[in-house]
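**Q** Okay, here's what each chain looks like letter by letter:
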Amino acid sequence: MNPTAQGTLAPSRPRTANKALVVLLIGAAALVAGFVLPWIGFAKITLSLLAQALFDALLATSVGFLFLQNGRVSFGQAAFFGLGGYAFGILVARNLAGPELALLLALAIPTLAAFLLGLVVARVTGVAHAMLTLAVGQAFYEVAFRWRELAMGDDGMSFTLPSKFFGFSASRLQDPGVMVVLAWSILVLVLVSLTLFTRSRTGQIAAAIRDNEERARFIGYSTTVPPALVYAIAAFVAAIAGVLQAVYNGYIAPQMFHWSLSGFALIMSIIGGAKFVIGPAVGAVVLFYIKDVAGQFAEYWPAIVGGILVVVTLTMPQGIIGLAVKQWRRRQRR
Amino acid sequence: MFIQILNGIVYGGLLYLLAVGLVLIFGLREVVNFAHGALFMLGAYIGFAVSAAGYWWGGLVVSMVAMAIVGCALDATVFRTLRKQDHIVTVLVTFGLMLILETVVTAIWGKAYLRYPVPPLLAGTVDIFGEPFPVYRLFVIAVAVAIALSLTAWLRFTRIGLYVRAASTDPRITSIQGINVDSLSLIVVGLGTALAGLSGVVAGPLLSLSPTMGNYILIDSFIVVVIGGLGSFAGAFIAALLIGQIHNFGAVYLPWAATILPFLLMVGILIWRPTGFAGSRT
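Those sequence lines, one after another, are chains H and W.
So the first sequence is residues 9 to 342, counted in my numbering.
So the second sequence is residues 154 to 435, counted in my numbering.
Derived by calculation from the structure, the hints in this document are not laboratory data.
Among the clues, some could well be false.
Stated by the list, open to error - Okay, derived cross-link-like pairs now, DSS-like style, lysine-lysine, Cα gap no bigger than 30 Å in a straight line:
#	chain 1	residue 1	chain 2	residue 2
1	H	K299	W	K264
2	H	K27	H	K52
3	H	K283	H	K27
4	H	K334	W	K264
5	H	K52	H	K172
6	W	K237	H	K283
7	H	K299	H	K334
What the hints assert, rightly or not - Chain H side only, calculated, beta carbon under 7 Å to chain W, not exhaustive:
#	residue
8	G42
9	V132
10	G314
Built from N, CA and C at the ideal position, the CB exists for glycine as well.
Extracted from the complex, chain H is given alone in its bound form (with noise of 0.2 Å):
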């Protein structure tokens, strides 16, 4: 065999572990990258906006994975996100668990709702699947709202932490600078786990059973469990989000569970492209900047936003990421 046929067949193995090495070292660039960001000069207020935006990147991250995973668009990821919030804000406010175990819980009982609800709201595909998440969001909404000895119903309950958190002053959290540093660390993290998990033999089923779920039935693959999977682990990195929103607020409301905030997750990963695992994370970036520079027009943002939405959707369905993308494979080519 001549060498140079060689040269163009072998390197097809070494390089897909390059690719994994490449995330890694990126990642860790972004991880050492963001503890440079308290000390730029933000405003305090700016941190302050920036924590909360991180953790929408994390909620609209949580929204993506399912549609890059599973193909499905949810309108009912909040309901997760409140989960989370209220697991640990209750738990803690009526003094049921210390602030670790709270974290725990509160982490692990929005995954195992999730991985029970996959099994069951998988099935249902497309249009359907957008209406059934939003009235299962909706019905942790109600929930929430009306069930006034649970956690003060539609006023909210604010919470104050235990002094001490894994050993740290809990307090520290409370800070936008210490916040927007452990937020981004953990999106980062998420962003990286993700990415390898859509590369790893599990993700790799569900993605089989995404496009064709009888042929991957027919090669035998059990198509209940991998896309349960999928939607515990979206909810986890939801309840992530939730539970360092009410840590660093300190206040938990029904409004964590609303559609609207579901509604406002998938845009921004449609915007920033909802077929990249990085994608949502990124609209969720650009559209706290778009509301930055809109300031003055807050009152209107929600159509603002639907504008943007609709806008996007006709002329860049694949999003900002999607775009650069073809930018950039289109340069190459030349």
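Put chain W on the given structure of chain H with help from the hints.
**A** Same frame as chain H, now just chain W:
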């Protein structure tokens, strides 16, 4: 007891008017209009503006016509342009439109709750088995029944109705048979949104007006459509009555669980039959 059932039918009737519009649109375009609740709300506000000038019935007509025009525009600009895209893209666009409509209405009429008057002709109560019952609520039931009957007759006995049923079963085969699905869709989407406008005006005096009044009922009508089966007219009718009764009896006898019951019913039905009890498509 009987009064409770009647109240359930009133809410079920409103749900039916919305859900049947969703079903009509879904049948032709295979998309769910997330802006339907916003159109319901916009219809109520337009009717309110006209009836404030003293023309209650004029408000009803103007609102329906205005919503029909909005629906035709929606079909011509959004649904037709995006028909080759993934349907979820269209759904997202309607979601964006919902956000825009809510903001526009808030900018014009404000966030405060507004009271929609009852027309003088329908004010007062009648005795039903010795208990007073508002005439207006009977009127709502009558409207829903009239619409249900005439819609069924239209679908069953007219040529266009036949085309609509055919297109709801399979739009592609229908258009291969030489039927212009695009112009059919214009009529059907316009009709669906006009019913949303009608529902909004009729619901106005029962619920108070606010820019978010469409959200709650939209979710209930989604539940109706999912339970009844996407694309099924009979399914939507039965499910709307069922949810209306559950909504009402729940509120009276199980207030703590009332808002959850429809959701539980929906999840239960979907475990049993993922396409809803009368649906064949997903």
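**Q** For each hint, tell me whether it holds in the structure or not.
**A** Structure-based check of all given hints:
Taken as a hint, the K299/H and K264/W pair is honoured in the structure, with Cα atoms around 22 Å apart against an allowance of 30 Å. This hinted pair does not check out: K27/H and K52/H have alpha carbons roughly 37 Å apart, beyond 30 Å. A hinted pair counts as satisfied when its Cα atoms are at most 30 Å apart, and K283/H with K27/H qualifies at roughly 18 Å. The suggested pairing of K334/H with K264/W is violated, with an alpha-carbon distance near 43 Å, which exceeds 30 Å.
Among the hinted pairs, K52/H with K172/H is consistent with the structure: their alpha-carbon atoms are about 24 Å apart, no more than 30 Å. Simply put, K237/W and K283/H have alpha-carbon atoms about 19 Å apart, close enough for the 30 Å limit, and the pair holds. A C-alpha spacing of about 27 Å is found between K299/H and K334/H, which places the hinted pair at or below 30 Å, so the restraint holds. Violation of the interface hint for G42/H is found here, the shortest Cβ-Cβ separation to chain W being roughly 31 Å, above the 7 Å cut-off.
Among the interface hints, the one on V132/H holds; its C-beta lies about 6 Å from the nearest C-beta in chain W, closer than the 7 Å criterion. Against a cut-off of 7 Å between C-beta atoms, the interface hint on G314/H holds, since the closest Cβ of chain W lies about 3 Å away.
Hints 2, 4 and 8, counting from the list given before, are not met by this structure.
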